[in-house]
Amino acid sequence: MYPPSECGDAKSFPVVQNFFPHRVDFATMIRLFAEMTRCPATKSLVSISIVLFMIATFSGCAGETSLSDSGDKSEGVDVSPLKAMQAAINSGNWRAADEYSDAVLIAHSHDPKVIAQVARVAHENQRPEAAVGLLVDAAHAGSLADERAVYQAVMGLISIGRIFEGIDLLSEAVTQHPDQDETRRWLFDFLVIFERHTEAIPHGRTLVRNRKFDVELLMELSNAEKRDLENDSLDQMVERNPSDKRPLIGKAKNLFDQGKMTETESVLLEILEASPKFLPAQLLLGRTLADLGRYEELPAWFDAIFSMNGCETEWTYWAVLGDWGRHEGELLEAARAYWEATQRNADVGLVWAKLASTLRQLPESALKKLPVDDAVQAIAAAQQRANQLSQATQAKKRFDRAGRDSRVEAANVATTLSRLGRPWEAEAWAAIAMGFPVSPDEPDVDVEAVRQEIVKSLRRDTPWQVTKQHPELICDLGRLPKPKRRSDDSQSRGTLVPPIAVASIAPTLVNEAAERGLQFFGRTRDDLDQPGIPIYAELGCGGGAIDFDLDGWCDLYLSAAGGTPPQRDSAPNAMWRNQDGRFVDVGIQTRTNDTGFGQGVAVGDLNEDGFPDLLVLNYGENTVYINNGDGTFSDATADIFPDRFSRWSSSGAIADIDGDGLSDVVVLNYCAGLDPVTDSCVDEEKGIHKSCAPIYFAAEADNLFHNRGDGTFVDVTQDWGFEPTMLGRGLGVVVSSLDRQPGLDIFVANDMSNNHYYSHASAGSPRLMESGISRGLATDDRSNPQASMGIATADMDRDGDLDIYITNFEDEYNTFHQQNGNGFWLDRTLQQNLSEAAFPMVGFGTEAVDFDNDGLLELVVANGHVDFPVSESESEYLQPMQVYYQTTGERFALFRTHDSGGYLSGKHSGRALWTVDADRNGKTDLVVTHQTEPVALLINQTQTDHHQIAFRLIGRSVARDAIGAIVEIEQDGHQRIGVVSAGDGYLCSNERLVRFGIGKNKMPVTAKITWPDGSEQAIDTIEVDREWTVVQGQGPFF
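Residue numbers (the numbering used here): 169 to 1206.
Any given hint could turn out to be false.
Unchecked claim - Distance windows between CB atoms, simulated:
#	residue 1	residue 2	range
1	1143	445	46 to 56 Å
2	633	1143	28 to 38 Å
3	407	270	50 to 60 Å
4	893	747	47 to 57 Å
5	313	700	33 to 43 Å
6	797	747	49 to 59 Å
7	1124	1193	26 to 36 Å
8	430	700	36 to 46 Å
9	410	637	52 to 62 Å
Since the hints were made in silico from the structure, they are not lab data. Glycine residues also receive a C-beta, built at the ideal position from the N, C-alpha and C atoms.
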């Protein structure tokens, strides 16, 4: 009766009855079928055996004769076809039973139980298609009122690869019987797994209102952006029915989420070749083309999708049109498209972020024409919505990482959803939270009070989304011009740049630390080669370039750790004096050997005396060293931080934020308190202690200190608005004129939360405004907050403005944010071919460097994991440094350095990385710190005949460091820009030098300097291959 034992036998079937009539999650159900299909010859028969076992379970044994039969007229005479069929079944004569099937169906065409028995007869005669068809007929015969019969029919359809007919059957059953919550739940699950979220959401909301929900439903209900479901089972569906490729949509979406766009497109095209009207695949194809920047292919896509029913009900459709319009500079149409997307789904953060960004880019004349009372308020409301949605997403992530059983994190999700105006969903999360046990490891939270507060706002007629106090939801942009189909030859209106004629050559970087006397190993612990590294020891130690004695040879300051925060029991930091290219440890002589738990280093002139000072960032009290000008430093910490500032600080910057000519101090902080030192997380599966995720701990606010001018500083974090809507765990910082508008900007890279971008709210005011979301820098293009660390800022695409490159964690690509010329950035990582190579890496320090001085910047990244692996399936702790170069195709590619020998061919636990010209030969060198090896001094030995020019700026009416000054050079009609910055990324400070590679042309250049106060200074015909010092208002010298 059943297939051979190696393919599964009847003994394994009873487990199925444990799943019904209760719901089975979809992945489990599909895996069950997958397990039963190891023998191709019988794969359909094996699967349908499960269904027929269910029939026996729910409908009685096949031999039962209790079913009524009008054909039984007299005892022993004229035996009815039904009784004859049942007698044959009881004797195991399935062929004989099949001979009565047609007659039985004619006589009992409306009896679902009889039809189900005939289905079993068809199955035993190896006619699976007929058997499944009869199961469907049985369900219909019962008017789809019997949920068990519907389940049987759906599972039968799945078993022969006709899953989408099963979805249609579920939809029909729910339409006819809205009270069937079990059926509705199955329908919801199927729609979600096939990326049909727009159809799924109403069913999920109904289940919540009916109080038929669990954690899995709540997690998926508003998760329309990133897929977290397995796909192997869906691939099995395609094997079962090769002509239907639609189940591959799960694989395509996973590839899309990983940034593997070439593979994504290939899978989508395979689906659409077989099913060109499959809307989820067409929608994802549109997003893929837009993300790849292949807008010239969107007209054909538009023609294909526009004729499909339902496309205009999908937020994705409108989001693609918005991206298309934004690319071509049609900002009003783009704003209309993004607004339309929010009307389809108000819970997608990325479209709110893009709407806010697009509205902010509109010129004043266009803003006045917006059909809203207050355009500024509309922009702020859209940005706030994006922020709140990001908070909700991160709250769910914390709940997920906590094992999906945390009262505190579930209550936190409820609170964030309540703020979003989604009380039904919020109450459901609060109810879930109440069902979890109290944990001694979590803070005490009154979950009942949280729930009661939410319940107060609920009535029977309360809508799912409350619009009161949510102006973004009632803002009507429907009168803006509607997006239209673009021509096939449409092109971006972006700035034209000269094409790349010849790609850069691979750099030769040789670690000469030992040869040049630099022998220093700053590490956070001694046992970093073993699993279970605590989070406080993950970040590594940093350093900076500082010419403390002003002899023209840039020195190095390196931090160390190894003790226990916040105590001052770590190995001492060290100052390394550069003597004609060789380094000598002068930490004791300079009195800079701090013993705090060292993290980052900031370099700058705090007292405007012309000598660079030091800010040492610790886990504990930070330290400030003032340069005495005689080769020694004085500890001025008490003046800078009079309130005994003790936190987990990471990176910092010294810059004149308010433009008063005096440098202020920016301090980034990571996780709050000492819990990261005392708490550990346990991998229960492996039975070992492991590093806790950052979101396990509360975030600590960053700080901003104002220079009073008398040698003391005051905390102006609140007064100057250095406070985001949502706290981050700051790791990387850059301060400069990032948008070329008056006033310095502060960009903060945060770990696992939105990045922050601060600019001045109005000219002449120190008040700051955080606008990371609307600027396009808070997240990647899909509104995913990432584990951001390092920052590189430069005009990487040579269009006259600054782009920003950010390193992130594994399974997140590093993000390339391209500025579009007016202080707004677009995530162009995929278009620049920068995603896939970074995906398996954990990126820390990064810089944009022209190693061969050909005028094209390379991107260099120090990689290394945070914890040592305990199994082969985990990522390696040591990882290679990566160097990306610009190709003649205007994209980046990765230099192949694994066989180059030396440092670049090895693997490292890289952390901080900064630039310095250690040997003063006009080529940029690197310093890299590690967790498991001493600091590396990578001397640039790249052999070229290219030329360069460098500028060192000194302010007079502005702060001496001239942070934010812009240098523009021109040679033979080609312009380039560079800026003076502070912070410089992850735990570091670069040599304060603006260097330009200019290729083989050795003709003199002209230069223009725009100082931080807006004043301009022109410099005519200066020679190349020089390092020029320019004092504000004076001629250059070297």
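Measuring from beta carbon to beta carbon, are residue 430 and residue 700 in 36 to 46 Å?
-> 38 Å, holds
Regarding residue 410 and residue 637, is the given constraint of 52 to 62 Å on their beta-carbon distance met?
-> Check passed, 53 Å falls within 52 to 62 Å.
Check the following: the C-beta atoms of residue 407 and residue 270 are separated by a distance inside 50 to 60 Å.
-> Violated, at about 33 Å.
Range hint compliance [Cβ, residue 893 to residue 747, 47 to 57 Å] | Given range 47 to 57 Å: holds, Cβ gap about 50 Å.
Evaluate the given range 46 to 56 Å for the C-beta pair formed by residue 1143 and residue 445.
-> Since the Cβ atoms of residue 1143 and residue 445 sit about 50 Å apart, the hinted range of 46 to 56 Å holds.
Do residue 633 and residue 1143 keep their Cβ atoms within the hinted range of 28 to 38 Å?
-> 50 Å, violated
Residue 313 paired with residue 700, Cβ distance criterion 33 to 43 Å | Violated, since residue 313 and residue 700 (Cβ atoms, about 57 Å apart) do not stay within the stated range.
Using the C-beta atoms of residue 1124 and residue 1193, is the stated range 26 to 36 Å upheld?
-> Taking Cβ atoms as reference, residue 1124 and residue 1193 lie about 27 Å apart, which means the hint holds.
Residue 797 paired with residue 747, Cβ distance criterion 49 to 59 Å | 19 Å, violated
Violation of the numbered hints given earlier is confined to hints 2, 3, 5, 6; the remaining hints are satisfied by the structure.
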